[in-house]
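Asker: Spelled out, the chains give:
4 protein chains.
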Amino acid sequence: MTITPPALSVFEALESEVRSYCRGWPAVFDRAQGSHMFDEDGHTYLDFFAGAGSLNYGHNNPVLKRALIDYIERDGVTHGLDMSTTAKRAFLESFQNNILRPRDLPYKVMFPGPTGTNAVEAALKLARKVKGRESIVSFTNAFHGMSLGSLAVTGNAFKRAGAGIPLVHGTPMPFDNYFDGTVPDFLWFERLLEDQGSGLNQPAAVIVETVQGEGGINVARPEWLRALAELCERQDMLLIVDDIQMGCGRTGAFFSFEEAGITPDIVTVSKSISGYGMPMSLALFKPELDIWEPGEHNGTFRGNNPAFVTAAATLDTYWADSQMEKQTLARGEQVEQALRAICEEQSGTHFRGRGLVWGLEFEDKPRASAVCKRAFELGLLVETSGPESEVVKLLPALTISPDDLDEGLRTLARAVRETA
Amino acid sequence: MTITPPALSVFEALESEVRSYCRGWPAVFDRAQGSHMFDEDGHTYLDFFAGAGSLNYGHNNPVLKRALIDYIERDGVTHGLDMSTTAKRAFLESFQNNILRPRDLPYKVMFPGPTGTNAVEAALKLARKVKGRESIVSFTNAFHGMSLGSLAVTGNAFKRAGAGIPLVHGTPMPFDNYFDGTVPDFLWFERLLEDQGSGLNQPAAVIVETVQGEGGINVARPEWLRALAELCERQDMLLIVDDIQMGCGRTGAFFSFEEAGITPDIVTVSKSISGYGMPMSLALFKPELDIWEPGEHNGTFRGNNPAFVTAAATLDTYWADSQMEKQTLARGEQVEQALRAICEEQSGTHFRGRGLVWGLEFEDKPRASAVCKRAFELGLLVETSGPESEVVKLLPALTISPDDLDEGLRTLARAVRETA
Amino acid sequence: MTITPPALSVFEALESEVRSYCRGWPAVFDRAQGSHMFDEDGHTYLDFFAGAGSLNYGHNNPVLKRALIDYIERDGVTHGLDMSTTAKRAFLESFQNNILRPRDLPYKVMFPGPTGTNAVEAALKLARKVKGRESIVSFTNAFHGMSLGSLAVTGNAFKRAGAGIPLVHGTPMPFDNYFDGTVPDFLWFERLLEDQGSGLNQPAAVIVETVQGEGGINVARPEWLRALAELCERQDMLLIVDDIQMGCGRTGAFFSFEEAGITPDIVTVSKSISGYGMPMSLALFKPELDIWEPGEHNGTFRGNNPAFVTAAATLDTYWADSQMEKQTLARGEQVEQALRAICEEQSGTHFRGRGLVWGLEFEDKPRASAVCKRAFELGLLVETSGPESEVVKLLPALTISPDDLDEGLRTLARAVRETA
Amino acid sequence: MTITPPALSVFEALESEVRSYCRGWPAVFDRAQGSHMFDEDGHTYLDFFAGAGSLNYGHNNPVLKRALIDYIERDGVTHGLDMSTTAKRAFLESFQNNILRPRDLPYKVMFPGPTGTNAVEAALKLARKVKGRESIVSFTNAFHGMSLGSLAVTGNAFKRAGAGIPLVHGTPMPFDNYFDGTVPDFLWFERLLEDQGSGLNQPAAVIVETVQGEGGINVARPEWLRALAELCERQDMLLIVDDIQMGCGRTGAFFSFEEAGITPDIVTVSKSISGYGMPMSLALFKPELDIWEPGEHNGTFRGNNPAFVTAAATLDTYWADSQMEKQTLARGEQVEQALRAICEEQSGTHFRGRGLVWGLEFEDKPRASAVCKRAFELGLLVETSGPESEVVKLLPALTISPDDLDEGLRTLARAVRETA
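Chains as they are written, first to last, in my numbering: chain A, 2 to 421; chain B, 2 to 421; chain C, 2 to 421; chain D, 2 to 421.
Okay, chain A solo, but in the shape it has when bound (with noise of 0.2 Å):
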């Protein structure tokens, strides 16, 4: 496939410096269904980034399409604030029954507002209120979003110098195998909480991601992770599991910290929740932390009411079994196979990942640049993260089918060959 450079000029002329994507993905998208999409010029790309975890049902999946069709047809609320509607009642009821009812998870459901620093910023509110401390504990390579409360507990040094302001109230701790295994978990950790005189301000609570997604696809072990929540437990501090990525599904079951049979005090889901990729976010916590004031905390877009729609549409339709946990293990075990393959064969490259959500890690780093521009070429969209962009993630949709996985992958095989 040739890329001609697409007319960019209204983009170029009126919009920020401040956009990125479009940067290495120069072209002008049109449409897109499924695990595909296509520009205005004809192209079709086979999407492995999948709106960076928010279409885990692939693009405008027909299931939730119809729903919110008939929906807006029927003239549903659309912006409801947070008034009781009929959407939003059949998400709730949706997800008590699909999801937290299952699960025997006891938590109460806050709407902080449609994105995932909405609900960062809204968990970290809580928790400072319920435990009357300041400081939170983040890990190295975190990211969860980009207004203040969420950019303090974010790692990336990038981001975190256009606060403009000194960020404070948080501080890192090594996130699992930061040390290569070399380093007992926790011990860090455990000993500054321990140590009367560490200079630590006592935390009120820990967020963390179970996979880090733009850290680099950083996987914590499942003992890691119990760990660290028996750690909390012990030492009086709230477990916020930010799992606006990783959850819905990404590695596997609904959320990703079923694996490890741990219960986090709070957790934030966003992306993927509404099914359709349109914004909307959950803060969840146990009962016994609603200590909310009505409305203490507020937002124009709580009530994104066709959000709920397709939401309760994907819960109904994906999440009443345990299929699609199944089926994304199975594809995560394809992905995993070419990923050994590739580097087996290309020296410099480690792969990581879980459910399906993979990197592959170039030690020239930035090679992987190099191959997501390739694999841009050669029709495929994958994106780098990590702190230097050394490592390709790949993000494919829940549903992509084992065809079109296996074509990216030899595709992204292709291209990693081709910038060796």
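Among the clues, some could well be false.
The list makes no distinction among identical chains, and a pair is therefore deemed to hold if it is satisfied within one copy or across any two copies.
Cut-off 25 Å, straight-line C-alpha distance, at most; resulting in silico cross-link-like pairs (DMTMM-like, lysine to aspartate or glutamate) [what the hints assert, rightly or not]:
(1) Lys130 x Glu391
(2) Lys130 x Glu260
(3) Lys66 x Glu259
(4) Lys130 x Asp237
(5) Lys66 x Glu41
(6) Lys109 x Asp404
(7) Lys132 x Glu297
(8) Lys366 x Glu294
(9) Lys287 x Asp237
(10) Lys374 x Glu364
(11) Lys287 x Glu346
(12) Lys287 x Glu13
(13) Lys132 x Glu337
(14) Lys109 x Glu378
(15) Lys109 x Glu13
(16) Lys109 x Glu18
(17) Lys66 x Asp76
(18) Lys109 x Glu259
(19) Lys130 x Glu191
(20) Lys109 x Glu408
(21) Lys366 x Glu297
(22) Lys366 x Glu195
(23) Lys66 x Asp405
(24) Lys132 x Glu294
(25) Lys66 x Asp31
(26) Lys366 x Asp404
These aren't lab readings, by the way, just hints derived from the structure by calculation.
Chains B, C and D: place on chain A using the hints.
Answerer: Just chains B, C and D now, with coordinates in the frame of chain A:
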């Protein structure tokens, strides 16, 4: 109309205590059209709240609805991160042609995430980055959002307390008419800036609403806004107008600051920008401020393409000429007359407003809530604002018919009378 | 008198560029007695600066000198941490008998470290601990010290910039007469406190100087101080009077706030408390505020016992009756007459003061420095204050003779004339 | 010796509850000479605390006493702000000749105020100003002072809680041997610095004590200090050695970092610098860092001239040759032998130290306090340190005689035995 309390069980059982509007309006809403909402029990409500200003063109506006369904039907890109898309291009071109160019506004456009607070966070980050200073001046009774950056420049003590950390880097100054005209404008602010011993950290920027919606419908005079703009220029501070609630025609002109003839350095827009109540926001700024590095600020839902579609349709439909502006001002006069009549009849009441945003203040503060409660029973949705919820806030859709407007105003007058 | 620039080599070569007074007074001082200093070249200087208010009883006061040498000779404890010593007991008893009891002041006494800023830091810590809030209100042109806690409530922009971090948790309010009487006292402050939407973090305390020394000899009226004390009580804020420069008799009475008839919750005392110019400070507070845990605040030089000895001797000598207060007020009248004469003669000059602290302000601001320079050449030590160094500050020793005072005032008048 | 509880009434009645040492040592001290203190009831105490390291040359050292009395008798300037004085010149020359020049140290000298925390505040300000960054790295169990800047880099949780605000801009790293040698030095610190995704704000400086006195007599190895210095250089961070307690010969050499062969960028000196226990401190820094503006940092008691006199006499008397250093090391060996014997006899005890600073740690933590209590009854002044007061700290005067040292060590051994 008699309201039977609906079965709210799943809301009460599962949803967090933080929910608020649903408490004052104990109905389960199902459908909505134009200025009317319909609950599941068949009751109809005339909506004078318009999604807190997010539904300037009414609920499920048919023109926009058609464009939206067409887009969804044809599998237009739904979730696009910050990729270039045909929908984004159409929006940018429409925004340039209908809004920026006719007003000779030089702005670059940033999609900072789909909510108002995302836009405010981006605006504050950029101002701090440009000026290399942390401090921001806001105004008494300002409301800018719930994430930590925005909350620090928000006045409401109850909302601020939810932060769980001390909110710093912001200093409040008196909004227009804070002392009922007894103190010269900016006396305190300018003196602090000029006095090298004042203790005020030199601000990077000033953030202001031209009409404070949440703060109690406090209307800044054009001459006050002009003096503020001049002060900012003289003192090397950026002027940020938060036009999230008052922009998109709410006060008549597309931007609420047009009347004053000023050109802010940065403008935040959200709420009614999509026209259909879908999450979308913009940060606009002068091109010389566009010093963002690619990706320095990001976010999952920056590319809510269905919102771009309805936004473009909105602009093409309502903002290609000055019809909407004239109509809004005419409707505003209708409101003003009705409020004048109420205030003449009822002592202890005052009114103020501009365009189609009006406030009816009660010296007996709790009465404002009583009026809203009674209005709801009478089928009218209105809410309070102000630091002590002492102001009934009128935000009808700009597209409301004169008859509906008249009906609502009569219901309001009745509710006021019945709570006397 | 002709001044030959002394050999400053080791000072210039070795001492940091931060040094300042030595630049305006380019002499190497060797000895000092009463109101006179003597440099190594045999020149004599009449001292109207008195160690920035640390030498209220003159240099090397013979009564105190005798007590000090006796103590040293007999090997009295010099360095005592916070151990109980006979010297500390003698001081505490003298302070109780001569100062607290006659004034019916209920204070507990804390030795927070030997400098003024130690006392301010302790006062702020205690206020925050008692009230459980972070925010402190200070006043325009306040000066409270150079460590980070004190600097955050200090007004001078140049000093603040030295912090290297954003100074937060403090908000400035207008000092008395900041608007030349055109705005009611506390209009802004009280309105912010009462308005739940003002955006002001509820303060733990207010810190104030009754006369701002560094800020330009701004004198608060007794009625303003009383209104402030009432405001603090009404609004549940502690009132801290920083009496470091204005206490110890500088304004007449021992405490500068006595004239106003108020009883602050916390008082900081330093500078002239030892009487001999040795480092010593006190934090005084109402007994119900004494919630410190043992050792919660500490410091190496809290027990400067030679200073306790001279402090006790000072109190016994000068504060057993009202003689000193009367004399100071009489000397103050002498200064006032002289300043009135200068201002009548020289247009563009203004004077203000109380007791023996006076300021001579020049509308042509750089002239104040020129006056000090000329005065130095004429053998008189005076310094400027105010945000733009526009005020010549007169702080003669309280023990100065009428003749010396007269001589100095005549020298000042000459310096003013010669810089016209 | 039997101790009769003294009449503490005025202390209890008037002095704040914050006092601490006087609680463990319930005597009223009157006189002191060399290594002995005498209470008003005629009891004699052997002092192994030496004013927390402020009395390295003993109480009221006769050589210094003579110089001090001569200076006072001849009316030498007592209080000199930052004026040039003959006493300051003599000190600067002596410091240059006896200390800086022989060690080839290039430092500029700043008088930041008379206490250790003044020096630390000035050092942190300067580092932040030079590097344009806010963040400072300190170490576990560090102690740097009680004002807010210093407290933020101090480890002790109890002292930190006294701040009343969240302490930010500091991050603790593990001090030498924090993990008993099981983790490579600086593994965590360097990894955070090198990882662009770590979340660590890039530090302006690192502040370290070579031996942590308050922290429990934790001794950094020379190779650890060298590696730290190299890390600082490699990573563009300033190295601040806080030598307030360990400088002035406490570890043998004048500066405690000499043994490691490093040259810190900034050094803080206080406590024993005056030699006589009078408040005085220094900040030393490389000349290229001397970017202070005149007066950017100031303070009333920067010119404590009597302290300059005794400081110069101390340097001339004790630091013109290497005699004092050799003697300290010899006395240190005497202490080490005695502690070894105690630890061999008593299980659950450990010792560590360097020069004349030693710690005796008890696994049964409360026993350390019991030992101090018993020692006091036996006429020996020793105090605990460490985060849980589990270490008995030995800080005898450097000038102690071998016999007095032996007597004190035997008393200590007895106290240990009697608390077994």
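Asker: Give a verdict on every hint.
Answerer: Hint check:
Taking the closest pair of Cα atoms, Lys130 and Glu391 never come within 25 Å of each other, the shortest separation being 38 Å inside a single copy and 27 Å across copies. For the identical chains of this complex, Lys130 and Glu260 are neighbours neither inside a copy (30 Å) nor across copies (42 Å), given an alpha-carbon limit of 25 Å. In this assembly of identical chains, Lys66 and Glu259 lie within 25 Å of each other by CA distance neither inside one copy nor across copies; the values are 29 Å within and 40 Å between. For a Cα distance limit of 25 Å, the shortest separation of Lys130 from Asp237 qualifies both inside one copy, at 14 Å, and across copies, at 23 Å.
Taking the shortest alpha-carbon separations for Lys66 and Glu41, both the intra-copy value of 22 Å and the inter-copy value of 24 Å come in at or below 25 Å. Taking identical chains as interchangeable, the C-alpha atoms of Lys109 and Asp404 are never at most 25 Å apart, the minima being 40 Å within one chain and 43 Å between chains. Taking CA atoms no more than 25 Å apart as the test, Lys132 paired with Glu297 passes in both settings, with 17 Å inside one copy and 23 Å between copies. In the homo-oligomer, the alpha carbons of Lys366 and Glu294 lie at most 25 Å apart only across protomers (20 Å), although the nearest pairing inside one protomer, at 49 Å, exceeds that limit.
With identical chains, the CA atoms of Lys287 and Asp237 are at most 25 Å apart within one copy only, with a shortest distance of 15 Å there and 36 Å across copies. For a Cα distance limit of 25 Å, the shortest separation of Lys374 from Glu364 inside one copy, 17 Å, qualifies, whereas the shortest one across copies, 61 Å, does not. Proximity of Lys287 and Glu346 under a CA criterion of 25 Å is satisfied in neither setting, with 48 Å inside one chain copy and 51 Å between copies. Taking CA atoms no more than 25 Å apart as the test, Lys287 paired with Glu13 passes between copies only; the shortest distance there is 15 Å, against 47 Å inside one copy.
Neither within a single protomer nor between protomers do Lys132 and Glu337 lie at most 25 Å apart by alpha-carbon distance, with minima of 42 Å and 46 Å respectively. In this assembly of identical chains, Lys109 and Glu378 lie within 25 Å of each other by CA distance neither inside one copy nor across copies; the values are 46 Å within and 30 Å between. Proximity of Lys109 and Glu13 under a CA criterion of 25 Å is satisfied inter-copy only: 10 Å between copies versus 45 Å inside one chain copy. Proximity of Lys109 and Glu18 under a CA criterion of 25 Å is satisfied inter-copy only: 9 Å between copies versus 40 Å inside one chain copy.
In this assembly of identical chains, the alpha carbons of Lys66 and Asp76 lie at most 25 Å apart whether taken from the same copy (15 Å) or from different copies (9 Å). Taking the shortest alpha-carbon separations for Lys109 and Glu259, only the intra-copy value of 18 Å comes in at or below 25 Å, while the best inter-copy value is 45 Å. Taking CA atoms no more than 25 Å apart as the test, Lys130 paired with Glu191 passes inside one copy only; the shortest distance there is 23 Å, against 28 Å between copies. When the C-alpha separation of Lys109 and Glu408 is checked against a cutoff of 25 Å, the pair qualifies neither within a copy, at 42 Å, nor between copies, at 40 Å.
Within a single copy, Lys366 and Glu297 get their C-alpha atoms only as close as 45 Å, which misses the 25 Å cut-off; across copies the closest is 20 Å, which meets it. When the C-alpha separation of Lys366 and Glu195 is checked against a cutoff of 25 Å, the pair qualifies only between copies, where the shortest distance is 15 Å, while the shortest distance within a copy is 38 Å. For the identical chains of this complex, Lys66 and Asp405 are intra-copy neighbours only, at 22 Å inside a copy versus 34 Å across copies, given an alpha-carbon limit of 25 Å. Proximity of Lys132 and Glu294 under a CA criterion of 25 Å is satisfied in both settings, with 16 Å inside one chain copy and 23 Å between copies.
Both within a single protomer and between protomers do Lys66 and Asp31 lie at most 25 Å apart by alpha-carbon distance, with minima of 17 Å and 19 Å respectively. Within a single copy, Lys366 and Asp404 get their C-alpha atoms no closer than 30 Å, and across copies no closer than 66 Å, so neither meets the 25 Å cut-off.
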